Amino acid sequence: MANETKSDPAGGGGQKEEGWKLSPKDRSIATFSKTLDTYFAQRRDQFAVALKDVMSPDFFFRLVVTAINKTPALASCTPASVYQAALDCAQLPLAPNTPLGEAHLIPYGDKCSMIIGHPGWAKLAIRTGRIKDINALP
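Position 112 of the sequence shown, counted from 1, bears residue number 112 in the numbering used here, the numbering being contiguous throughout.
No lab work stands behind these hints: they were computed from the structure. On a predicted model such as this, the values are computed, not experimentally measured, just so you know. We put the beta carbon where it would ideally sit given N, CA and C, even for glycine.
In silico DSS-like cross-links for lysine-lysine, where the CA-CA straight-line distance does not exceed 25 Å:
1. K111 to K70
2. K70 to K34
3. K34 to K111
4. K52 to K123
5. K132 to K52
Computed spacing ranges between beta-carbons, pair by pair:
6. T31 to N135: 42 to 48 Å
7. D110 to V54: 27 to 33 Å
8. P138 to R44: 39 to 45 Å
9. W121 to K52: 19 to 25 Å
Construct the complete structure from the given sequences, taking the supplied hints into account.
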């Protein structure tokens, strides 16, 4: 059946759509996510210790996968470098690539680096207990 149709997964009112196909880029991201999933599954305990009670390792992994989906260039980085950058975020603990802007996973060639955003620096400073409040004026 070459022209097999599938129903819309979003429940779009019974509309039919030709069979879904992933683009090569999407297939690459999906493959990379599976590889990274293996890295995280084998080292889940490290993330549980690093994240403490701030967030669950599963939620944190979901943030990393979302970052890869939003920034496809991260899929060209080595899984080990993405894992290490994610672990750096977890040890602080800062949420990577969220609208809060605490930390960012940035691809540099085939390496991934974690960069702390200014909200992350503010959070870390307040967490020390030596600073009560931070104000910024435009």
